[in-house]
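The residues making up each chain are set out below.
2 protein chains.
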Amino acid sequence: QPSSGSHQTSTGPSEPKRVMVIGGDGYCGWATALHLSNKNYEVAIVDSLVRRLFDHQLGLDSLTPISSIHNRIRRWKSLTGKTIQLFIGDICDFEFLSETFNSFEPDAVVHFGEQRSAPYSMIDRSRAVFTQNNNVIGTLNVLFAIKEFREECHLVKLGTMGEYGTPNIDIEEGYITITHNGRTDTLPYPKQASSFYHLSKVHDSNNIAFTCKAWGIRATDLNQGVVYGVRTDETEMHEELCNRFDYDGVFGTALNRFCVQAAVGHALTVYGKGGQTRGYLDIRDTVQCVELAIANPAQRGEFRVFNQFTEQFSVNELAALVTKAGEKLGFPVETISVPNPRVEAEEHYYNAKHTKLIELGLQPHLLSDSLLDSLLNFTVKYKDRVDTKQIMPSVSWRKIGVKPKTIAA
Amino acid sequence: QPSSGSHQTSTGPSEPKRVMVIGGDGYCGWATALHLSNKNYEVAIVDSLVRRLFDHQLGLDSLTPISSIHNRIRRWKSLTGKTIQLFIGDICDFEFLSETFNSFEPDAVVHFGEQRSAPYSMIDRSRAVFTQNNNVIGTLNVLFAIKEFREECHLVKLGTMGEYGTPNIDIEEGYITITHNGRTDTLPYPKQASSFYHLSKVHDSNNIAFTCKAWGIRATDLNQGVVYGVRTDETEMHEELCNRFDYDGVFGTALNRFCVQAAVGHALTVYGKGGQTRGYLDIRDTVQCVELAIANPAQRGEFRVFNQFTEQFSVNELAALVTKAGEKLGFPVETISVPNPRVEAEEHYYNAKHTKLIELGLQPHLLSDSLLDSLLNFTVKYKDRVDTKQIMPSVSWRKIGVKPKTIAA
Ligand SMILES: NC(=O)c1ccc[n+]([C@@H]2O[C@H](COP(=O)([O-])OP(=O)(O)OC[C@H]3O[C@@H](n4cnc5c(N)ncnc54)[C@H](O)[C@@H]3O)[C@@H](O)[C@H]2O)c1
Ligand SMILES: NC(=O)c1ccc[n+]([C@@H]2O[C@H](COP(=O)([O-])OP(=O)(O)OC[C@H]3O[C@@H](n4cnc5c(N)ncnc54)[C@H](O)[C@@H]3O)[C@@H](O)[C@H]2O)c1
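Residue numbers (our numbering), protein chains in the order written: chain A, 3 to 411; chain B, 3 to 411.
Watch out, some of these pointers could steer you wrong.
Pairs involving identical chains hold if they fit within one copy or between any two copies, as the list cannot separate such chains.
[Said to hold, decoys possible] For lysine-lysine, the following DSBU-like pairs were computed, each having C-alpha atoms within a straight-line distance of at most 30 Å: (1) K41 with K405; (2) K405 with K149; (3) K215 with K355; (4) K215 with K385; (5) K149 with K401; (6) K383 with K358; (7) K215 with K275.
Just so you know, the hints here were simulated from the structure itself, not pulled from any lab data.
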């Protein structure tokens, strides 16, 4: 596997050694940075820590206590002897980003560094604008940095399955071949995003695709499903390496939220009819998928799209699984239907392809009973840290207004 | 036709009276504002005049001398007795935009107010970022203003045919019905934009479509072709009402540029092979189309897409037409092939539908010999104002860099 020191002479993309993880202090980014470091990649984390600021401002906290990024990296070094470089700053600041590129000289950039909550993007006008500006301009800057400073560098960009919406036909991986009026072409798969956050990802995908064509950028767009779980081999090594686990109505995602709700005896919050079906994956598969993408880079000029999830579930199916697991562990679980704060189909066809990462070698960790048991036990362990006021959804897609929403204690 | 003074009691969209023209100091916007005012709509122009700043900064100027917006509006009033309200400011400033909405109370907003040059968006990183930020955030603000202050207001948004790129299948108006693996759905037509400017329009379209669904916004996206010509009934009334006419390599568009080139004896600048085919329309049809869209508003929640052009031409066809017209008027016209500064297909299939505006009553002004003669004569009249140094393209899609490009005298 890759070793350090030789990056001045490393040229082609065939042996990527130096990986910049943008958003490396976040949920997916932290697990990925450690995983890659453990696999002997040279890793640098780039993060503005703005996500920690959002939590402070909204009065939210991770279920799990998380250390500062500085302590996390020091602990990793003392445990493994491996160094992770740290660059604190905002990628929307191009001067800062240039500095990180010229100092670290990445062979691959994994870009997790965006405002990634759909509800956050629907709180008020200024947060909607922030989300699109932060995500779109940040990604544009990364593209310009690659073009200018590291043209062989492979961009691995996190998108979301939510970009596709819920079309009434099968969802393909990025492209679809259409025969129309007797002619045929393979075109970008139509997108139907349903929040300002999801839209920002569609904008990113379109911008990246253009730069692949115009500048020969090599890029992989990972349309990720909903991630669940928290433990990975590396974060388990020490409590100071523990990953964040969001359960609140703004940043928490479906299955993780249900586990916490079950652990504290809160009814599972199914939005509307609960027929919303999406792709899901274990965080251990997130890190695996990203590693596979890096180890098998896109060609110059190629805009490659992978759907990154392992299984589909409806919200009702997840609620039933968590209920069963709860009962097995001896606590009863109820489910309530909450008026849907989003605008989305609650019953719909859903069949999304996800074979490309499997073809590259992904070995999925499927959602088994035992996994669900251990995830539930994990949340029970931290249940005294739960602020139950944060569980119900507080952001409405329809009621978003133009006045800044202030948050009371 | 609409009359003033009654807007407090006017409710439904069936009789739109008050039209806000964002970007009303520009090429399409000025012609449209006058046309609508002439048709007895109450018109307000909202414009930051930033386009005049771009011209100053890049050392460019309109072929035609244009008056200040203040003098234009005063002259219109003195000629016709009609008042056009004026709001000078940037729609990215939401406080300003709110003020215009609450003061003017539009029934329809025609949104021309964007950075609209593909080459401008490809000059350097900061102009690429400016373009996407200006266009995307400006449009988001307009959507929020409608939702908050005028929820019945109809948004008529200028998009571009360039959003579609050059797929190998027929281009439909906004949506395409796809049958795939035995199932069928009608989905947004796939977009393949090829500059940061064109991409910004795709981002806008996606954002608008979402707000129609989530908030019930009524919107018409006019995917406009390349506009040519300069005279409209209203701008002809007085020289102080004269519209701008761009011929330079940054803001000038295909046919208009060729006419100026022919007028000054410059060879027609065909980029690459010249097989690039696009939709075109006369500026008199731009104003007609916008009026038709306003008079027939979209329903609440409807995201309606019209392809706004009347004829397709390849660059080579246009060059041949201008050559013929020049010869008829007694001056020889040459054509040269210039290395293509863009990244685009130079030979491709192109067949774009454009029936929806015809169905609403559009009566096209097709590009006849006599029209071309008069356009050519028009440019000859102003030929002493031409700065021939501005004719060749100066912006390369592939060479765009991160350093601010400074412009020398
Ligand atoms: N968590 C999921 O279930 C999920 C699902 C699909 C896709 N994704 C995508 O994966 C990526 C990571 O998600 P996550 O759950 O780890 O989010 P997260 O909020 O935990 O982490 C994102 C990190 O990016 C940083 N960041 C944001 N904007 C930045 C900027 N301008 N400059 C520098 N750093 C910035 C934040 O500080 C944060 O540490 C996101 O792009 C997200 O859209 C996540
Ligand atoms: N001219 C064409 O051939 C053509 C073709 C297709 C589409 N369009 C679209 O039609 C619209 C008008 O084009 P045009 O040729 O008249 O352009 P133009 O540059 O002549 O006019 C645009 C006007 O918008 C104003 N503006 C820009 N950003 C603004 C902001 N943030 N706030 C307030 N005002 C702002 C500018 O000052 C300018 O007066 C554009 O959206 C363009 O994309 C034009």
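Next item on the list: Determine which of the earlier numbered hints do not hold for this structure and return their numbers in increasing order.
Entry: As far as the earlier hints go, 1, 4 and 6 are violated by this structure, in ascending order.
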